[in-house]
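Protein chains: 2
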Amino acid sequence: MKIVICGAGNVAKFFCHRLSAQQEIEIVQVYARNSESARLIAESYQVPVIQQLADMRTDADAYILAVNDTAITTLGQQLPLAADAIVLHCAGSQPLQATGAGLEQSAVLWPIYSITPQAFDKEAVPLVVDAGPLAIAKAMQMARAISQQVFTANYEQRKYLHLNAVLVNNFVHHLLVVAENICQQEGLDFDILKPIVKQTIERMDSAGFAAAQTGPARRGDAPTMHQHLELMAQKPEWQAMYKVISDSIAMMYGGDGTGR
Amino acid sequence: MKIVICGAGNVAKFFCHRLSAQQEIEIVQVYARNSESARLIAESYQVPVIQQLADMRTDADAYILAVNDTAITTLGQQLPLAADAIVLHCAGSQPLQATGAGLEQSAVLWPIYSITPQAFDKEAVPLVVDAGPLAIAKAMQMARAISQQVFTANYEQRKYLHLNAVLVNNFVHHLLVVAENICQQEGLDFDILKPIVKQTIERMDSAGFAAAQTGPARRGDAPTMHQHLELMAQKPEWQAMYKVISDSIAMMYGGDGTGR
Chain U
34 MKIVICGAGN VAKFFCHRLS AQQEIEIVQV YARNSESARL IAESYQVPVI
84 QQLADMRTDA DAYILAVNDT AITTLGQQLP LAADAIVLHC AGSQPLQATG
134 AGLEQSAVLW PIYSITPQAF DKEAVPLVVD AGPLAIAKAM QMARAISQQV
184 FTANYEQRKY LHLNAVLVNN FVHHLLVVAE NICQQEGLDF DILKPIVKQT
234 IERMDSAGFA AAQTGPARRG DAPTMHQHLE LMAQKPEWQA MYKVISDSIA
284 MMYGGDGTGR
Chain S
34 MKIVICGAGN VAKFFCHRLS AQQEIEIVQV YARNSESARL IAESYQVPVI
84 QQLADMRTDA DAYILAVNDT AITTLGQQLP LAADAIVLHC AGSQPLQATG
134 AGLEQSAVLW PIYSITPQAF DKEAVPLVVD AGPLAIAKAM QMARAISQQV
184 FTANYEQRKY LHLNAVLVNN FVHHLLVVAE NICQQEGLDF DILKPIVKQT
234 IERMDSAGFA AAQTGPARRG DAPTMHQHLE LMAQKPEWQA MYKVISDSIA
284 MMYGGDGTGR
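Protein chains in written order, with our numbering: chain U, 34 to 293; chain S, 34 to 293.
Worth flagging that the hints you see were computed from the coordinates, not collected in a lab.
Hints may contain errors.
Any copy, or any two copies together, can satisfy a pair, since identical chains are not distinguished.
[Claimed, not checked] Below 16 Å or equal to it, Euclidean Cα-Cα: the simulated EDC-like pairs (lysine to aspartate or glutamate) are:
id, residue 1, residue 2
1, K171, E59
2, K155, E235
3, K35, D92
4, K171, D117
5, K35, D94
6, K171, D94
7, K231, E156
8, K227, E156
9, K268, D280
10, K227, D238
11, K35, E57
Turn these sequences into a full structure, and let the hints guide you.
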């Protein structure tokens with residue numbers, strides 16, 4: 034399978050890195066407008082790099098749009114597609130048609146992972162595939178070649194997955210940063226908390242995960258919640274966070290919500 | 034060192050388990066009012082179990098109150114303490130004096146971890162020690178005998194640590210449960226999200242952790258936040274959570290908070 038990769042950021046490099054290691058796949062070109070990025074990719078992966086759309090191969094089997102969400106459609110519409118070629122974008126929350134090609138030729142290949150250079154060789158990078166009827170076979174072949182964890186999800190499902198990624202990545206990250214800030218402010222070593230964070234995460238894999246919720250909100254311990262809110266008197270935005278998360282826990286488990 | 038352990042729950046068993054493996058430490062009694070629990074502890078750890086306070090040894094060096102927060106003081110006041118004995122409680126958010134003994138004889142030995150039987154043999158169970166001037170040496174000796182990760186923290190600091198444990202354990206757990214619920218509702222495999230959760234946690238150990246915050250709230254991506262809120266239209270408590278966490282992220286990084 035002959036592939037053209039468009040883009041020079043971490044996602045483009047991730048696909049270069051993994052696809053270039055596959056025997057049945059040949060990266061025939063990388064399209065990168067920035068000359069320094071282009072040079073680095075050409076060096077790292079020994080692939081031909083082009084900087085002009087006019088130089089793009091017209092005989093590729095698949096074109097990957099690993100560019101900013103806002104640039105996908107404009108670029109996709111300019112690709113010199115053969116009739117049986119497919120176009121893939123990597124933006125989980127965008128519809129298939131964002132490729133700018135016809136629905137049948139369109140696919141999504143979305144890594145649910147923060148793609149940094151450290152992730153290039155990580156085993157566990159799940160790929161979510163969505164595709165029109167003519168594109169699905171090629172898209173799955175590419176996904177399975179480079180990941181052990183391939184899932185399919187339609188546009189509706191991908192929207193919910195994107196929301197979920199915000200909840201479990203961005204929001205969890207923020208809670209950890211707030212805790213780290215509080216530790217610094219009180220002269221405490223953040224390392225004290227790392228084992229319990231890891232324990233929380235390990236529990237995802239056990240049955241009865243939801244039932245294992247503990248803490249003051251779960252048991253309706255209003256005095257403790259009140260004390261915690263007072264400790265954050267200088268940070269109304271953290272207090273607000275504490276209140277609504279406690280409320281949501283109380284709602285889920287039938288607590289009395291007296292955290293307010 | 035001769036130790037009496039009061040209690041028959043997981044925390045009491047945790048201390049039995051770890052202290053009974055130490056040469057320089059002898060658990061001389063476990064006090065457990067429930068006869069079934071008492072029998073199990075006696076069997077598991079070959080320690081003498083008593084069910085009456087009147088039978089408690091008066092010559093122990095240390096008494097551990099591994100009982101409910103509300104029972105600590107009442108029990109502590111009834112212990113037959115020698116003048117140089119110390120009393121330890123395990124409730125991180127309670128003051129030293131909660132032991133019911135004098136401040137000088139009091140100590141806290143607080144595992145910052147969810148203590149379940151699976152945790153008994155875990156290496157990484159951090160212990161936080163607080164103690165009056167006469168109790169600190171014995172308390173530290175006990176803590177270091179059973180944990181590689183011993184930290185000291187005074188009452189003020191322990192209150193903040195307790196708040197932090199809620200943020201990084203209870204609240205993170207809740208976000209994961211909400212994501213799991215959304216996956217179930219949309220017919221998605223929660224396993225898709227586990228790698229990115231683990232990645233989020235791994236980043237705690239890297240420099241620039243706070244700066245690594247990403248997501249729609251960080252970049253002020255109002256359309257995405259709006260779409261996510263609409264996906265949770267049936268769950269106002271989840272919407273509220275999404276809004277205030279996004280606001281807190283925007284405040285921390287100077288975003289424009291247009292997630293509202």
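Which of the stated hints cannot be reconciled with the structure, identified by number in ascending sequence? none
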